[in-house]
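From first to last, the protein sequence lines are chains C and R. Heads up, the first sequence is in my numbering, so the first residue is 9 and it goes up one at a time. Heads up, the second sequence is in my numbering, so the first residue is 42 and it goes up one at a time.
One or more of the hints may lead you astray.
Cβ pair distances, simulated, as ranges [what the hints assert, rightly or not]:
1. C:K88 to R:L273: 44 to 50 Å
2. R:A283 to C:D83: 31 to 37 Å
3. R:S74 to C:S26: 52 to 58 Å
4. R:L291 to C:K17: 33 to 39 Å
5. R:P116 to C:G193: 38 to 44 Å
6. R:F210 to C:R309: 36 to 42 Å
7. C:E85 to R:L71: 51 to 57 Å
8. C:Q125 to R:W276: 44 to 50 Å
9. R:L46 to C:E85: 18 to 24 Å
Source of the hints: derived by calculation from the structure; they are not laboratory data. Glycine included, each C-beta is placed from N, C-alpha and C at the ideal position.
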Amino acid sequence: MAAAIETQKLTKTYRSRSLGKVNVVDELDLVVEEGEIFGFLGPNGAGKTTTIKMLLGIIAPSSGEGYVLDKEIGDMEVHKVISYLPERPYYYEYMTGMELLKFYGSLFGIKDVAKFQALLEKVNLAGDATKTISQYSKGMQQRIGLAQSLLNDPKLLFLDEPTGGLDPIAHTEIRDLILQFRNEGRTVFISSHELSEVERICDRVAIINKGVIEQQGKLDDLLRGGRMEVIADGVSKELADSFKGEDVVISHHNNRVILDMPENNDVNAVLDSLRSKKATVVSVIPRRRRLEDLFVETVGRADSRAKGGKPAAGAEVA
Amino acid sequence: MNVILNIATTTVGEAIRRRVLLVILLIGVLLLSIIPALGILSARSETAVTVGTMYAVLRGTSALIAIVLTIYMLPNEIERRTIYTILSKPVQRWQFLLGKYLGAVLALLLMIALMTVFMVALFWVFQKPPAEKVAEVATQPFMYWMEMSLLSAVGMFFSTFIAPLVNFFLTIGMWLVGTVLNPLYDTLAKNGQNGVMKGIAQIVTNVLPNFANYDTKNPIINPGQVIQNGALYKWSTVGYTAMYVGILLLLAIVVFDRREV
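Please put together the full structure from these sequences, using the hints given.
Okay, here's the thing in structure tokens:
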């Protein structure tokens with residue numbers, strides 16, 4: 009699969025009076041494949057928006073290379089086939105939904121009213137086309153934002169916190185639209201704090217902390233290595249205690265045992281042992297790690313590594 | 042070019058809805074409406090006082106609108122993130138900047154035209170002047186519009202690297218210096234006795250925009266001034282404005298292009 013985005017040692021350095029030179033994004037190596045939904049995660053100030061701005065060509069990198077759809081970042085040709093929905097976007101409030109699409113369309117030289125109408129229908133705003141943006145709810149503003157981002161039929165969409173601050177219904181609507189984009193063959197790059205949302209829709213993710221990529225890969229691979237839960241009845245206390253081991257949690261009550269163990273433990277050996285003692289295995293449930301666990305673990309590990317004396321790779325972004 | 046025009050049109054749409062600008066415009070119109078009454082109190086020619094005061098109000102109001110309009114133009118776009126949505130499209134920074142400037146100039150044209158129509162109507166009703174006098178009164182605001190185009194370029198240039206509040210004082214300071222002090226420096230540069238002072242005056246008068254150039258018809262400020270060739274003067278002022286605006290916008294583009302947004 010071809011890469012929609014590829015960066016090599018992409019770095020952004022700012023000068024700060026108090027901190028001196030600060031690498032807000034530090035030697036970023038990122039690969040986003042075509043046709044996937046890619047989640048770009050990180051705590052506040054991690055360098056997510058700065059990375060997006062560099063990829064969009066809005067700000068220039070201090071060093072390193074980056075390619076978007078096989079063209080160097082900043083190439084105006086790329087701007088014809090990409091789009092961007094910023095975090096908490098503001099649109100000229102006096103405009104109606106239709107006027108907004110006409111304005112942004114005009115920047116591409118698009119004047120096709122039927123296309124604007126079709127986009128409004130796609131984001132369920134056809135009935136509100138003549139209302140001004142000031143009359144739109146947050147969810148509607150986000151949907152008109154998505155409509156403007158589809159004006160040029162983009163191959164690659166950058167969405168910065170697309171569901172931030174929305175109610176659950178608006179959340180679902182936006183999520184469905186993003187999944188629809190992937191079905192249409194578009195690549196979607198999402199920067200988000202909504203980890204449950206990212207876990208539901210993303211194919212691959214990268215976790216960035218203080219400008220450095222800490223984890224990157226397929227979601228399934230990153231969340232593998234979870235835990236296994238075994239429940240069995242007719243188990244004596246002695247038998248339950250025989251399963252003690254590193255990172256194994258044993259709960260025993262009324263001859264029922266619940267074993268919570270790492271996935272890489274030999275589950276078959278445990279089951280064989282239980283059966284040989286005439287115990288009844290009630291359930292064996294593999295429990296995948298949640299993205300939230302991975303995120304907290306990764307960021308926590310990176311922070312403690314930085315505090316432990318190793319040089320911090322980055323600094324807070326304003 | 043279309044991109045610049047589209048950004049300019051949107052800028053006009055936004056400018057004419059900005060409450061702070063509308064309040065300044067309203068105050069200007071209210072001040073204009075009481076001026077005919079002041080003429081009666083004057084010992085000098087009633088017409089001269091009325092026209093001169095109206096011009097002063099129109100000019101001051103326009104200057105305030107031009108400054109408030111331009112100093113917030115770029116910072117607002119960055120703060121509200123609208124600039125990111127626009128620059129992620131096939132729009133270059135210089136196109137964005139020129140579009141915003143053109144929008145500001147067009148919005149000023151609309152507002153100055155509105156005040157001029159109101160001013161001329163008042164003049165007509167209260168002074169009952171001959172038609173050619175009315176036409177003469179109505180032409181001066183065109184010069185003010187050029188002046189405000191230059192002032193907007195100053196505000197726009199500073200807004201590429203200076204915060205709005207500092208920019209406000211800097212731009213208003215430039216206007217006041219260019220309006221009040223520049224003619225004095227100009228005289229000093231031409232007739233000064235001291236060589237050093239003459240040199241300084243020449244630098245100041247050449248570097249700072251001379252906003253006094255635009256106020257030729259005010260009968261209070263320039264009671265005896267007669268311009269031999271009106272058309273030539275106007276065209277040379279247009280040229281002066283175009284050159285100055287061009288330089289300022291070029292500098293603004295260079296600074297804005299390097300700025301982290």
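These are the hints, each one checked on the structure:
1. C:K88 to R:L273: 44 to 50 Å: holds, 47 Å
2. R:A283 to C:D83: 31 to 37 Å: Hint holds: Cβ distance 33 Å, inside 31 to 37 Å.
3. R:S74 to C:S26: 52 to 58 Å: holds, 54 Å
4. R:L291 to C:K17: 33 to 39 Å: Cβ of L291 (chain R) to Cβ of K17 (chain C): about 35 Å, so the range 33 to 39 Å holds.
5. R:P116 to C:G193: 38 to 44 Å: holds, 39 Å
6. R:F210 to C:R309: 36 to 42 Å: About 50 Å separates the Cβ atoms of F210 (chain R) and R309 (chain C), which means 36 to 42 Å is violated.
7. C:E85 to R:L71: 51 to 57 Å: Holds, at about 53 Å.
8. C:Q125 to R:W276: 44 to 50 Å: Once the Cβ atoms are compared, 48 Å apart, the range 44 to 50 Å for W276 (chain R) and Q125 (chain C) holds.
9. R:L46 to C:E85: 18 to 24 Å: Between L46 (chain R) and E85 (chain C), where Cβ atoms are some 22 Å apart, the hint holds.
Going down the numbered hints, you'll see the structure goes against just number 6.
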